[in-house]
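Colleague: These are the residues of each chain, in order.
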Amino acid sequence: MSVTARTLGGALIAIVGAGGASDDAAACAAAAIDGRRPQWVVRPRTLDELARVVAIAHDEGLAVVPRGAGHALALGSPPARVDVVLDLCGLDAIVEYNPDDLTVTVQAGVTAGALAAVLHDRRQTLPLDPPGWGSRTLGGIAATAAGGPLRLRYGTMRDLLLGVRFVQADGVVTWGGARVVKSVTGYDVPKLLVGALGTLGILGELTLRLHPLPEAEATCLLPLRSTEIAQDVVARLVDSPLQPSRCELLDAAALAACGLPAAAVGLVVSLGSVEGAVRAQQAMVVAEATRVRARAETMGPGFWRTYDRVLAENGPTVLRLATLATRLAATLDEVRASLGGDAGVTITGCAPLGLLRVALRQDEPAVLAKAIERLRAFVDESDGSVVVERGSTALRTSLDPWGPVPAGPLALMRALKQEFDPRGTLNPGRFVGGL
Amino acid sequence: MSLTPRFVDEMRAIVGKDAVVVSVEGRMTYECDMHTFYKGAPDVVVLPTRTEQVRAIVQACRRANTPIVPRGSGTGLIGGAMAPQGGVMVSMNRMASILEIDYGNRCATVQPGLINLWLTNAVRERGWFFAPDPSSQMVSSIGGNVSTNAGGPHCLKYGITTNHVLGLELVTGRGEVVRVGGKTLDRPGYDLTGVAVGSEGTFALVTAITVRLTHAPEAVKTVLAAFRTVIEASQVVSAAIAAGMTPAAMEMLDEAIIRAINAGTGAGYPEGAGAVLLIELDGPRAEVEVQGERAAAICREHGALSVSVARDEAERALLWKGRKEAAGAVGRLTASYLLQDAVVPRSKLPHIMREIVAIGERYGLLIANVFHAGDGNLHPMICYDDTRPDELEKAKEANEELLRACIALGGSVTGEHGMGMDKAKNLPLQYADADLNFMFRIRGVFDPARLMNPGKLLPTHPACGEGFRPQRPRLPEGTWV
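Protein sequences appear in the order of chains Z and X.
Here the first sequence is numbered in our numbering, starting from 1 and rising by one per residue.
Here the second sequence is numbered in our numbering, starting from 1001 and rising by one per residue.
A couple of the hints might just be wrong.
Pairwise CB distance ranges (calculated) [claimed, not checked]:
#	chain 1	residue 1	chain 2	residue 2	range
1	Z	E419	X	A1297	50 to 60 Å
2	Z	A415	X	I1231	49 to 59 Å
3	Z	D333	X	T1036	52 to 62 Å
4	X	L1099	Z	G19	35 to 45 Å
5	Z	G19	X	R1362	52 to 62 Å
Because the hints were derived from the structure by calculation, they are not lab data.
Glycine included, C-beta positions come from ideal geometry on N, C-alpha and C.
The whole structure should be built from the sequences, with the hints applied where relevant.
Modeller: Here is the structure:
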């Protein structure tokens, strides 16, 4: 039986209270995703409320679109339907922090910044630093599998998420994984949900592995004459016992945006350890710079904050390229050739992992779509990918922002979606292959 | 179940005559893994050499509605690589090559039958290694490691198998060859690689694996400390973590194990020691030096009877000697034991060690412990006398009680061995009906006919059956139409 908005509203308010559900025109307009307005914006305060809201939406055939702090709303295809926007920022409790076990359990709406403030007192860290991380929710970082410079040393959410409580499409609250740092009990359900954009379940609570903060840290910039030299330096750093925490590549535009000295390309390497080891490793990096006739410069402790801000703010369009570390220079050349010299391109990335982030001022969909298709053809040789991480609705309508997924894996992904969300309740249409 | 001669001929046509085992004595060698309680010989064993053959095998089995059981080296500890329902066992021993080593991109692609240590041996000269190091690494296959998501002493720092797998080539239960993940990162879509690792052959047969290679550390430092009690040694684990250390490994041996080792080759552990803690640090030389000193200091502060720091590789090998012999040395304590690998939060180690002693006393059984203390991964060995009636039953009961105690502390049923037949029944200890049902349904997506390694990992349980409906949240009454 279908219901009117009034009775649906009554049910939602019965669950989350009058202040937690709104069908106010202005609120719904503000919560629109790619121009599609929801009928309701609902802000659950507990996991149980979240589950009940999803259950009702499911039974009524409504589409639920989860959101955290809203950093990644321009990721993925425009949603097929938007009926209820679920604002998860109300789930903001740190449920349990066990510093002696280096684990923490948080609700999905806790921001990485809020958690960092708590962990800092115990000199511990959750080393996830995607651009703008401080104000992003951990649920959002998990759902989008967003990573930052520190992934070089610590991996991504995939490596740090131990357990997850989530709400299935029909409202069933489900737990996967464990609360301890090592477990292989049953299937690795957390892996399936990381990066799934909430399309198999809405993340409610996360148990995470923490790391100790390094006692000392140093960061140095290597200004280099060409991307070929940069690739060579990266190869030598990788093939050494150095344990850098970060190794980011910055093109000339990125160097300028960060207020750094001009160069064709720069590598910024940070080392975290005990004082003596940091100095010894820094000396190795400096020696490597000398070998290629560059002069390493020591950066202040504030550099990574600047870098984070520059990345979080740059460009209406951001592309995420995955290629091989050994094809870095060639890929950079191709990016420039595809996008043209005057597109306002800023390129950064985790060079040793073959990952690049391309920010553009250009947002003309037809021009961009053509360039992206060309880049996709290029990285296809190494099974790489080009994903539109941020882009206008028009761009993400004119091409698939995820790019192609091979038929074999895609068939399994479709089967998973069909199994767990046959009615298309969860974030329909935004993920790969229109899932 | 028995297979028709026609089916066996079909297998021969796929893999060749010399790659099919049907004789009783031949099949018996495949009837169990290292957990010898669980026995079940397959009706036929096939040894393919190519992915295409594996696909043909799976498709033939689907047509014949026959179970398919993968097997690597058969060194699992869980009743995994055996065939309780008969059917076809696919041995990966002849798919054991290194397909590619790509130093520039820090990875290698191998076939599933390759022995774990052989990969490290192949890259060691160039300064690299494959980080997952289960104690069986000299004989266990990488395919088996992927299947169980194997760990090892050094996964404290480096992570378990899943953290090192970049991509897989699978032949799914649907009979299709699917390549998931690969050398480049962040592929769009669900992380099928992540969920397939540790699925114990219940989704698919793994026919190729792309793994991350890790650069060898600049320096390694090993510290060995002896304590009066396991409790004291356990407190050192928490203290080291509180001090911000991330050792590569932290291994503990209790009094019974020390006694057994000293009675044998004699690793020279102090007589009268109630526990030995082995701490290994690796990384940049200066870091390792400082952390090694700190580890030694923490041990002394916690009342260590003795602290030794290895000065060179020979001394390091000596300190590890006892640890490596531990499993074998248990043979001097008992002819039979039950082994499990539950996990507790590491801060709860002192608590669980007291509990283990209490359980042992209650059942009148010796429980020897050698384990990965740094991540709270226990390995209690419950010794029993198999010539005495009831003793095995008592040991099983003690084992279950211990497992429940670990879960009650917020722990996990298995840290690295996996589920197999042995622990499938324990899955409901850790997961509610809805959680079990979610897992059951994931499996159905990869293997709709449920022919892949049946009877493993998932329990016989209502929530692991078709048509089960987990409880949904309560919805508002009254206003609701």
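Colleague: It remains to establish, for every hint, whether it holds in the given structure.
Modeller: Against the structure, the hints:
1. E419(Z) to A1297(X): 50 to 60 Å: holds (54 Å)
2. A415(Z) to I1231(X): 49 to 59 Å: holds (50 Å)
3. D333(Z) to T1036(X): 52 to 62 Å: About 60 Å separates the Cβ atoms of D333(Z) and T1036(X), which means 52 to 62 Å holds.
4. L1099(X) to G19(Z): 35 to 45 Å: violated (59 Å)
5. G19(Z) to R1362(X): 52 to 62 Å: holds (54 Å)
Going through the hint list in order, the structure does not satisfy hint 4, though it satisfies all others.
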